[in-house]
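4 protein chains.
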Amino acid sequence: MSKPVQKVVLAYSGGLDTSIILKWLQEHYQCEVVAFCADLGQGEELEPARQKAMNLGVREIYIDDLKEEFVRDFVFPMYRANALYEGVYHLGTSIARPLIAKRQIEIATQCGAEAVSHGATGKGNDQVRFELAYYALRPGIQVIAPWREWDLTSREKLLAYADANGIPVARDKRGDVPYSMDRNLLHLSFEGKVLEDPWKEPEEEMFVLSVSPERAPDKPTYVEISFEKGDPVAIDGERLSPANLLARLNALGGANGIGRVDLVENRYVGMKSRGVYETPGGTILGVAHRAMESLTLDREAAHLKDELGPRYASLVYNGYWFSPERLMLQSLVDASQTYVTGVVRLKLYKGNVIVTGRKSEQSLFDPVVATFEDDHGAYDQADASGFIKLNALRMRIAALVRQGKP
Amino acid sequence: MSKPVQKVVLAYSGGLDTSIILKWLQEHYQCEVVAFCADLGQGEELEPARQKAMNLGVREIYIDDLKEEFVRDFVFPMYRANALYEGVYHLGTSIARPLIAKRQIEIATQCGAEAVSHGATGKGNDQVRFELAYYALRPGIQVIAPWREWDLTSREKLLAYADANGIPVARDKRGDVPYSMDRNLLHLSFEGKVLEDPWKEPEEEMFVLSVSPERAPDKPTYVEISFEKGDPVAIDGERLSPANLLARLNALGGANGIGRVDLVENRYVGMKSRGVYETPGGTILGVAHRAMESLTLDREAAHLKDELGPRYASLVYNGYWFSPERLMLQSLVDASQTYVTGVVRLKLYKGNVIVTGRKSEQSLFDPVVATFEDDHGAYDQADASGFIKLNALRMRIAALVRQGKP
Amino acid sequence: MSKPVQKVVLAYSGGLDTSIILKWLQEHYQCEVVAFCADLGQGEELEPARQKAMNLGVREIYIDDLKEEFVRDFVFPMYRANALYEGVYHLGTSIARPLIAKRQIEIATQCGAEAVSHGATGKGNDQVRFELAYYALRPGIQVIAPWREWDLTSREKLLAYADANGIPVARDKRGDVPYSMDRNLLHLSFEGKVLEDPWKEPEEEMFVLSVSPERAPDKPTYVEISFEKGDPVAIDGERLSPANLLARLNALGGANGIGRVDLVENRYVGMKSRGVYETPGGTILGVAHRAMESLTLDREAAHLKDELGPRYASLVYNGYWFSPERLMLQSLVDASQTYVTGVVRLKLYKGNVIVTGRKSEQSLFDPVVATFEDDHGAYDQADASGFIKLNALRMRIAALVRQGKP
Amino acid sequence: MSKPVQKVVLAYSGGLDTSIILKWLQEHYQCEVVAFCADLGQGEELEPARQKAMNLGVREIYIDDLKEEFVRDFVFPMYRANALYEGVYHLGTSIARPLIAKRQIEIATQCGAEAVSHGATGKGNDQVRFELAYYALRPGIQVIAPWREWDLTSREKLLAYADANGIPVARDKRGDVPYSMDRNLLHLSFEGKVLEDPWKEPEEEMFVLSVSPERAPDKPTYVEISFEKGDPVAIDGERLSPANLLARLNALGGANGIGRVDLVENRYVGMKSRGVYETPGGTILGVAHRAMESLTLDREAAHLKDELGPRYASLVYNGYWFSPERLMLQSLVDASQTYVTGVVRLKLYKGNVIVTGRKSEQSLFDPVVATFEDDHGAYDQADASGFIKLNALRMRIAALVRQGKP
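Residue numbers (full-length UniProt numbering), protein chains in the order written: chain A, 1 to 406; chain B, 1 to 406; chain C, 1 to 406; chain D, 1 to 406.
Calculated from the structure, these hints are not laboratory results.
Fair warning: this is a prediction, and the values are worked out from it, not measured in the lab.
Don't take every hint at face value.
Since the list gives no way to pick out one identical chain from another, each pair is judged satisfied if it fits inside one copy or across any two copies.
[Stated by the list, open to error] Straight-line distance between alpha carbons at most 25 Å, and here's what the computed DMTMM-like set of lysine to aspartate or glutamate pairs gives:
| id | residue 1 | residue 2 |
| --- | --- | --- |
| 1 | Lys347 | Glu214 |
| 2 | Lys193 | Asp375 |
| 3 | Lys200 | Glu361 |
| 4 | Lys23 | Asp126 |
| 5 | Lys193 | Asp380 |
| 6 | Lys219 | Glu204 |
Using the sequences and the hints, build the whole thing.
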């Protein structure tokens, strides 16, 4: 056990694990537990969580709707960077943790708690993300990570503890323990159970946010997304708030079988794990943003972003949202987005997100220069000769020397 | 006109443009033209090209089947690097040019020609790719790029010249001039015509290598690809030569509506252009290779590759295949592939390439460590506490100083 | 000859080359030449240039003191990035060109000129730097680069032209033609003559801004430089304007034999060349800035800067000051400098710049944590165990698999 | 205490700390301790260490001369990469640790030990370097890090323990405790004591390997270093083995006041610390290698190395010598060194290492192309025009659009 604690703010979901933790904290630390539920669009009523917490004797309960802040200040900045972890993962869990941690620290300061706690295990990335954020924002905070402390080291012990303390246990439709899941407005993730064998295909019944491509409509859906300075602002001409816009994209993507990813990924704590994700709206947004940039962003600006994108993604994945290096990269990214404004048209069809058009008043596509037809002198083809000759010069000199005829 | 020339080796396709060039070289330079046709799997008989060249008075004609060399020594090394230009383009044209140039230089040396020529225009990337390769391999070579020299500056003038010289002109099905296309075993590209408006969707009739997702079968196709040291070697257990393997993947991809990309891209010569690509087999291969790596490649090795991938792709796109920096990056990439060996199972369905399994004797996925269940001590969760604390330390110290409580 | 021109603004130094160019422009283009002399601290009176230009019939002459703008808006931002080209060159010429070009374009717009001209040769980097800046700032500008147009292709022809037009020719002390030199408040560069043999040591008499280390004082000079947000603001406690501060550092460095660099460098146009540079003040500033950062900058911020520094330097060297990618990198760099505030103490001695102390209220050096003595719990050494174990985990798993004992 | 142990191999220096550790391991673990002394050129007789170990009851003692392996397989590969940590530190300690660890693991396997131990503290980088290497080479090894386990948490307790166990305690000349030092053929490092205040200048008496610049000879020393494929092979024409060559450079550098660095650096474990280093020979070697590359290495190869150099340096600093990512970078670096062959002439003078000449049969410096004089057509200045125009094109188009005149 760590140092004694008077009051701790727990990131509480109302689910089994954090209910057990809540009880365990009360018992083990003999401290007052403040419950904090963040509404990030996980698609559940949070009022039942309030009741559960009250039943467990909690007196201070915070239930905060953070959906707009989440999308505006976390999801959209990340999409400006075209961040994908290991090429495909949209970072749906990773990007939510810093916001929960930030609000949790605010509450701790407000209600005079000297500690915070979370329900992430000692094997995963989330503990890192929560705690790096806690420490960056309030360096003297005390952190309690029950999974790394307690002796409830198997599912059996956990369930026994729940039973003994009157904490209800959910089962899935078949009565099995559920997958390890995390859901918010950006995504839903699955880990564990059959997924622990990377050779096995996930079962169709597992998915929640999307139909399979096979069950998606036989007719494509066309959609137009408008961007301003790198952020989406409207769908089919209708302006929407960030959270509403992402929700709309989720509905569109989910209905068309879009956004599933099945990945063996590398955790920051050093092991590989297998995750399956549904990111219907985010997948659409990612394709659309790249298409908007393809028309409006300078070549070297785009390439610089592409080279730094994997690093930005790793920082988010590893929990360094509040680090100086993430902020530096964000400054670089944001400096590129001034003219990323216009409209992208997409065709959504059975898992595919197909770009079918992009237009912008800031378009750098110059049809007169680009045409295969006569351009009336807009581009002097003879310039290419000097361009090539000088770019080749270093290789020519080297070849002359290496071939022994200097 | 450049310096006088006795003999020039022309990269000849048998098509309209290079036929005009062949004639123009004979007339303009009063030189002997050697015709070289490379078979890179463009899917056409090349014997008719021989006849056309003979009709134009050519005495030395080289028709070389380079398909195996193309896939083994150019395509596969590039896929080891997971190279995609601007996030999506599979570099199908870019990767073919260095091989054509290399063989062309060999022929020039063999047959005593002091010059080489190609049919690429002065606005595009291909002129750069051809010529950088020429100069790198034979620094004293003379290069003739007719598009940058002649006065046939409009399609009308070209067609008039063809008519005047008895060169037949192909039309597409509707009698229109065709798209500007390039095809080989890796891909088919389209530019020009309606595509010059990036807001317009391509017409379905344009496509050649693939059916549309809509017209693809309603039943998915499962396929297993085996890898050895980063290269694919077998499909569904059947070992195939590189070119045969890629051809098989093309058939699978094309039948399932896979591999179309519609892109506004940034050319090396400084302008944006719009291209549409079909890369059915390459798209499957790219997904499969990443999946194989996800299981067998170390995390930091994978991330280093991800950070350098865009640069590798730009080098290939810009024509620097034979540059020292591409060779250095290839060394780095190849050093990572020793254990990228195993099998990936994919589901192909209406445009989707879905990873459904991966296995390997070199798998770094350790189910005992990764499990959410009891791991019997394989991983000590308490270790995570120190890991996080030390990773947070620099941010904590900074926060203490910045918040004024050092 | 390019298109006809009515009025051209020439970057004019008063020296031989630009005097010949001035005359040649008048003769060759039959146009009015506006002379623009930028005072960047080259250490010469510019009024004689005014007289020379008037003698050559120029009616509009601009002589602008740009020293403060040069140091504040060009030199200092570059030093924030710790930019050194190829490890050692302080970019003294490169960083001046964009400012000259910017002012030249302003003057052209102001006085109604449709063209600009400069005295850089067709082999060097300066032509690129001038012209990329011209085009970025006024894309329709006409550029006249006489060195690439005229037939004065040897020094003899140039001197004959000068004689024929009454343009005075300077000789060095020994009556030789001088080195090719460029001087401003940041540096003085030398190229040509004996330096064209990279095995030969430069002659001591060549140097201007600095004594040799051998002739520098036998006693060291101590100096303290104060920084605010990454920029130097005071020397030995005395606040100085940017230009005055750099001039003071030049005096200190020059007197102590500091800042000579002898380099074979890679030009952007594809060849290697040998340059010798004197950058007395800049060398001191570079060392001081790094030392200030060593105390106040986060580790990952510093490392990110180090990785991007060579690219930033190449952009400046190659003339891309006004490019979006340089601006993006500047945003990243500037975002790191908020707390780079404090004092660095240096010892200057016979060519050496030795850091002997650094202090800051923003210091991240925490003596309590860092001490080898008892730290009373500020740092828990046991944390290191978990830190190492998890960082090693991926390599351990790999070793187990590779060694065949999974 | 960790798990029980029968036999442990200790990296033993014969000094106070590892003598205490030796005793403590025997007492605390009741195990047999095997002593391993690596001779990496620390400049001390190691036979006394044998005697000390015997006096402490050790029966198996390994004293290995690893100097040639150290320089050939560790130091030289690192210098091929021009690796400097945080711009200035030559990584003298970092590069030695992997070799010690490698040999220690070999001995453990040979003599049937199940554990290894070292004398690095829980605050520093060396524990990480040792242990990452141990785990990478023998993933099941048990590691005992006494500093993280025992209760000897202050210098007083340590000295008391030494006294109680008859272990002699060294004092410096003044009877003070010495600096924390690490010495090998590449360098000598100092930490602790007065250095813990970064504002204080080190005392002159502290230094061992070098005289101060002030006390160095008034006459410069010229030296020529020959390279083959990136590695130094001869000094002033005399071929020397790697270790002998580095020793010779140390003598030259030390006599001329070369190679001192005073740095506030960022440790991998999260804190800043202040270190002072003497690297006389390595400093000369680093300058010489860069100069050799400046003449023989392609521009883009050199720039790619410069961009990746900081990352390579961090990997070595952080202890990842045996990681796949270091090996990948080494492959990239080594692929660039094929032609880095020739001679560099240096002038050593009172702390300065001045390049005064470089020559090579593989020189890419082409005086005909580079000359300011007439080059008789080797380079066509008109080529530069097209080169600039196409490089400017993307910025021109952007300026036209942004300025509203497309």
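Evaluation of the provided hints:
1. Lys347 with Glu214: Intra 17 Å, inter 12 Å, cutoff 25 Å: intra and inter.
2. Lys193 with Asp375: between (62 Å within a copy, 14 Å between copies)
3. Lys200 with Glu361: The answer is between: 16 Å across copies meets 25 Å, while 48 Å in one copy does not.
4. Lys23 with Asp126: within (21 Å within a copy, 42 Å between copies)
5. Lys193 with Asp380: between (63 Å within a copy, 21 Å between copies)
6. Lys219 with Glu204: both (22 Å within a copy, 15 Å between copies)
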